[in-house]
Structures are given as C-alpha cells and as structure tokens.
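Enquirer: What follows is each chain in one-letter form.
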Amino acid sequence: MTDTTTEKAAAKAPTGAVGAPEPAPAPRPARLWRGATPWLFLLAPLALLIVFTYAPIANMVAYSFTDWDGVSPELHYTGAENYAELFTRSDLFEVFWVSGYYLAASVLQIVAALYFATILSFNVRFRNFFKGVLFFPYLINGVAIGFVFLYFFQDGGTLDSVLGLLGVETDRAWLGTPESANTSLAAVSVWRYLGLNFVLFLGAIQSIPGDLYEAAELDGANRWQQFRYIIAPGIKPVLSLTVILSISGSLSVFEIPYIMTGGATGTETFVIQTVKLAFQFNKTGLASAAAVVLLLIVLAVTWVQRRLVPDDKVDLA
Amino acid sequence: MNRRTVLAVTTGALLLSACTGTGGSSKGAEAKAPDDPSKVSGAITVLTHRTDLVQDGTMKKYAAEFNKTYPEVKVEFDAITDYEGEVKIRMNTENYGDVLMIPAVIEKKDYPRFFASLGTQAERSKTYRFTDYTTVDGKVYGQSPLGAVPGFIYNKKVWSEAGVTDWPTTPAEFLDDLKAIKSKTDAIPYYTNFKDMWPLTQWTDVNGSVSCDEQATTGLAEGDPWAEGADLRTADTLLYDIVHEGLVEKDPTTTNWEASKPRIAKGEIATMWLGSWAVIQMQGAAKQAGTDPDDIGFMPFPAQRSGTFCAVAKPDYNQAVNIHSEHKEAARAWLDWFTDKSGYAADNLALSPLKSAPLPTVMKPYEEAGVKILDLDDTKGAVVKSIDNQSEIGIYKPDYRQDLVDLARGATKGDLDDFLNDLGKKWTETQRSLGS
Chain D
1 MTDTTTEKAA
11 AKAPTGAVGA
21 PEPAPAPRPA
31 RLWRGATPWL
41 FLLAPLALLI
51 VFTYAPIANM
61 VAYSFTDWDG
71 VSPELHYTGA
81 ENYAELFTRS
91 DLFEVFWVSG
101 YYLAASVLQI
111 VAALYFATIL
121 SFNVRFRNFF
131 KGVLFFPYLI
141 NGVAIGFVFL
151 YFFQDGGTLD
161 SVLGLLGVET
171 DRAWLGTPES
181 ANTSLAAVSV
191 WRYLGLNFVL
201 FLGAIQSIPG
211 DLYEAAELDG
221 ANRWQQFRYI
231 IAPGIKPVLS
241 LTVILSISGS
251 LSVFEIPYIM
261 TGGATGTETF
271 VIQTVKLAFQ
281 FNKTGLASAA
291 AVVLLLIVLA
301 VTWVQRRLVP
311 DDKVDLA
Chain Y
1 MNRRTVLAVT
11 TGALLLSACT
21 GTGGSSKGAE
31 AKAPDDPSKV
41 SGAITVLTHR
51 TDLVQDGTMK
61 KYAAEFNKTY
71 PEVKVEFDAI
81 TDYEGEVKIR
91 MNTENYGDVL
101 MIPAVIEKKD
111 YPRFFASLGT
121 QAERSKTYRF
131 TDYTTVDGKV
141 YGQSPLGAVP
151 GFIYNKKVWS
161 EAGVTDWPTT
171 PAEFLDDLKA
181 IKSKTDAIPY
191 YTNFKDMWPL
201 TQWTDVNGSV
211 SCDEQATTGL
221 AEGDPWAEGA
231 DLRTADTLLY
241 DIVHEGLVEK
251 DPTTTNWEAS
261 KPRIAKGEIA
271 TMWLGSWAVI
281 QMQGAAKQAG
291 TDPDDIGFMP
301 FPAQRSGTFC
311 AVAKPDYNQA
321 VNIHSEHKEA
331 ARAWLDWFTD
341 KSGYAADNLA
351 LSPLKSAPLP
361 TVMKPYEEAG
371 VKILDLDDTK
381 GAVVKSIDNQ
391 SEIGIYKPDY
401 RQDLVDLARG
411 ATKGDLDDFL
421 NDLGKKWTET
431 QRSLGS
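Here the protein sequences line up with chains D and Y, keeping their order. Residue numbers for the first sequence follow our numbering, so the first one is 1 and each next one is one higher. Residue numbers for the second sequence follow our numbering, so the first one is 1 and each next one is one higher.
Hints listed in this document are in silico derivations from the structure and should not be mistaken for laboratory results. One should not assume that every hint holds.
[Stated by the list, open to error] To spell it out: a stretch of chain Y is covered by chain D in this simulated footprint if at least three of its residues, at any positions, have a beta carbon under 8 Å from a beta carbon of chain D; those stretches are:
no.: 1; segment: 82 to 94
no.: 2; segment: 176 to 182
no.: 3; segment: 393 to 399
Every residue, glycine too, gets a C-beta built ideally from N, C-alpha and C.
Work out the full structure: start from the sequences and follow the hints.
Expert: Next comes the structure, spelled out in structure tokens:
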C-alpha cells in the first residue's frame, strides 16, 4: 500500500509542477509524511462516517435478507424473500399518495422561498430581521415543532382563536379527516423548511456580482426582468439541488406526522410505516428491506431528475 | 475490477460479517433463592419503567427496607423513560441489569435465553398469580409484582346526575347511559384518548370478560376474535357505537392524556376505559384539583354471564433475573422480596401477585357486586402475539382501533361489519399460514 502511494506521488509530482523550477527531491521519510498528511486529516471524519453511516447502512442491507425480529439472538437468512413480500404487497406502497401532499407543499415552499430570497436580496428595510424570522423555524427541533403545532391545531387552540380574532368562526377539526390532516401537516412542514430553502437561494443570489444589476438598471430592466434574466439563471444549480432535496424529502417525511398524529387518520408515510413494521410488529428484516427500497427510489428519482435537467455550468457574462 | 472496487467489496463484506454476528447463548441457568439472607452479597442493578418512583425516592425506601433483611446486597435503580425501546436494544448485549421488567417485545420462546428460571410452574403457581404468562416448558421466568383489572373509570357524581346509579349490564344499556349523560350534564360522556394511542389498546383487555372464559387467550389463538358474538367484536362494536353516536370529545385527534386526569376528576369527562391501575392516578388528580377522590368510580365491562360480571386479572410488567447476572442469588432475593414483602402492590392499590392476599380497596365494589375475577390461561399467549405481529393487525397496538374510531366518526368511509370481518379474515388467514 505505502509503495504504491509513493510511486503515485512521485509520478504525479512532475506533471503538477510544469513550468515551475523542479524542487530538490525530499528525503524519503519526509515524502512519506507528505503523502500521509491528508489521510491523517481525513482519519477522524472518515472514521465517524464509516462507523455512524456506512456501517449501519451495510448492517441494514444485511438485515434485509434475514427474518430478524429486532431482539432475538436467532436470525435466519431468507434470501430475497423480504423484497418479494414487499413488491407483492401493493398496500405497502399506497402510503406514497400521502407524499403527494408534501410534494405539492414543497412546490409552494420553493416558490415562496424564492420570492422572499429575491425581495430580501434587494435593499429592504429591516432586511436582516426578516431573514432571521424566516430562517428561525429551521433551527427548532422537529419534535418540538410537532408538539407546538399540536396545540396550534387543537380544538379551540391557537389557530382557532386567531381566526376567531379575525372574525372567522371555524368549527373544524384540523387533523380530523385525512385531507385536512395531511394538508395541515404539510403546511407545518412548509413553515419548517422554508427557511432552509430561503437561505440557500439567498446565498446563491448574493454571489451574483452586483455590477450586473447596475448594468441592467442602466439598460432599463425592471425587477421582474432582472429576476428572469439575471437571478434565475444564476441560481439554477441551487434550484435543482433544492428540487432534489424536496422530492426526496417528501418521499421520506417522518418526524412531523409521527409526533403529531402517529400516522393515524390517513397520515401514514412510508417511513412511519417502516418504523411501525420494525418496532411494532417486530419485522426488522422486512422493514430493512423497505428502507433499502426507499433509498433506491430516492436515488432513482435523483438520477432521472439529473438526466432531465443536466447541471451545466452557468455563465452570466 | 479495479483496486477501488475490490477494497469496497472487502470492506463491505467485513462489515456485514462483523455486524450481524450474534454470540452464543447460555441457556437454562437458574436463579436460586438464597437460603441465608445474611450471606447473600453483591451489587445489583434493577431496570425499571417507574421513573416517577425512582425520582421521588420511593424505590430507595424499598431498597432500604430490603437491606434490613439482606444487609450485604447493594441495590441500584436504573429508571428508563422509553423502557420498551431502550431495553430492547440493550438486550442485544449482555448488559441489561441484574433484575429487569421483561419488555413486551421479547418472544416467550426466547425467555430461556435471556432470563434465569425462577422455578417450576407446578410449584410457583400454588402461591403466585400470573405464572402462566412467563412459563416456557414448565419453568417460570418472571413474576409480575402487581396485577390490574381492566374496567371503566367513571365519575360517580356525573353518572348519578344523569340518573344512573346501577352499573349497566349490556352494551346497549351502557350506550343509553352515556346518552343520558350527554343530554343531562355538560360532561363528555366518553373520552377516547385517541391521540395518546395506548389507552385505545386497553380495549383488547375486554377479551375474556364477555364470554367469562378463562380460555379466552386460547380462543384468540385458535378462533376468529371478530366472529359474531366474540369478545373483541363486542368490545369493538361498543367502541364504534360510542363514537358513532357522538358520545365522545369533539376532536379525538388532539386529545391529551395528562389533561384528561383532572378533567375526569372535575366531572368534565364522565367515563374512560382503562383499568384498576388508573384509579389511584385519577384520585391523585382529584386531590390536586380540589375535588372529592371518592367520586372516582370503577366498573366492569357491561356484559354478564348468568347474572354475574366477569373481569380479567392482568399482570403488569413481569420482573425477571438476567441470565448473565453475576449475582443471581442477590437478584433473586430482590425479586422475591419485592413480590412478597415490599407492599408495592398495596401501595399502588393494585391486585397482589399472591393468591392468598385480599382484593385491594379499589376493588371493594367488585367484591360487593360479586364480580368474578378471572385468571386467564396464557399457554397460547405466544401464539397470539406472533399471529398478531405476522398479520400486522396489532390487537395490542393502537393502529386498528384508531382506524375504527376514524371509521366511526366518519373521517374514513366504510362499514363496521366489513371492517371487522376483514380483520377476522386477515387474522384467520395468518393463523392458517403459521400452521396453528
């Protein structure tokens, strides 16, 4: 192993230093150190990554081929049986309809985030204050948000009393029917993640050089034209990233519905269903398979999306 | 294949083999009761779900009392809030305390791998209740320190304001009484605790009290729980009717268990299906709210067999000794002392695990009314659990009852008979596929 790395380093050195005066070759131990330094720096993050991300994933993949119940010391290899069960039971995939609510909500969320990011990138009074207001929800723990909104949607809770102040008397159980409950939950999710999208967009917008706007203004472009021809193309990579995040996010919604309704009244998502399979019905094997399938679905969606909208370099000049 | 893929594949393979390997087991150890209390020694850790009792020092008091008989044993408590979830994971190792409550998730057939035996059932069942629940091949692996009887907790004042003084004896009568409460008082006739979920699972404890049959669990394992006239069908139909007739809170999706306690104490809620264990909590809430704790009443499921009510005695968590414990004698000493002498059951107004002990005061009305207390035969308990998990119905989980309540209040469309028949079909199909 060490030999090959030094060889590589030696082979690379001349090409990397074209045109520069060739430095005197360092003594062997020093060269070794130089080769090892980046790896030493990488040691801690890589160890953490492997222990807490890749090992559990490998483990999960392994469990997905067994009939393990989560505690029993005994487990049997069952081949692809779990996957076969998963794909022959259409009821397990019906929960993806619920993701539709979150997908629709995330469209709304992206549009709103883009709107706010654009407005706040211009000179607006109390700009930083509004930035803080918009970003703040993202900093709150998801579980806490779940509890807060449970009171919010309660019969006679915050939402009802605010509406009452505005003169609207509602007698609605916000989490009462599947449609209403899913819409309410998706709205909470918009409130929570709007800030993240907003900050991403704002960062991208602010990295666009300011003289472009000046030039545009001199040419008589209005705000919409500035957005359409300068901002929109400028933030395209971030926009496509956000879309990917939103899609994979809506496929794997978990904390908010889990805390607020526990998946009752038609709000069960794929992840909640998986958690229930694993921890309620002790089908850890099947649940692992479901998790692997979700991972593959998300990867596939991302791949398709990248194919449809290739991520080419942006050139504003 | 280039070098990188080779590396990735080997790493992956190594990880797989390292992570899924499970150690061997030491099956069949026994935790013998010590002969001489003064000679038992060692430090033991007791895992418990009663975080409240550890925080307020009650458990320490028990331990001090225990040390009067066993001076050389040091007892430490490890109170765990998410008991089920956390202990389940710890049980993948050998380090899960010396004494613990058996988590519900552990399958009965695995008990001999995890816990030391306490003796034969033939012998223990002479003195103790609930031995059936932890017996594998004639040996007992755990003992519940207290028992409870399921039933309706109700506010006596509200019920008598509505003109009801006698316990209803049929589901129809019960519904009429709730309707009377709705029309004559301001109270919510029945509170579902839908949001907190687990109170809904308590409805499964009705099983046995309608048919008055000690073999009710065997009935679940071998028959259709939702057949016409079966216990669970009777219970689920009653729950459906209560919700369907609008005799419940306005918005079940945002109920609150903690808040429901003072509300029933103050008479804002009339009835909840819970168990005898809840009486002490509601009385506590009444004291705090400044109302009369004696208003909290307790009644059996409205069904009678030849003129008597029946109620099922249910164990709490069963206490067991870790098979890997280094101080099994000390652990066993604690378990025995806690079951027999601590007064834990009496302190909780609960049913004592000792067959010879009298009924707790909470159950006095039951005694007076001649309610028959049943000890269910749990030989088939493990089969029922595996059918339940395999079919993903979850009679001990809240999901299907939440669906039932949604159906009853019209949030989802469907028909009660279809719903229950579907459950029955799923259940019996799974039964057949498991070969029982």
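Enquirer: Just pull the numbers of the violated hints for me, sorted ascending.
Expert: Hint check: 2 fails alone, others pass.
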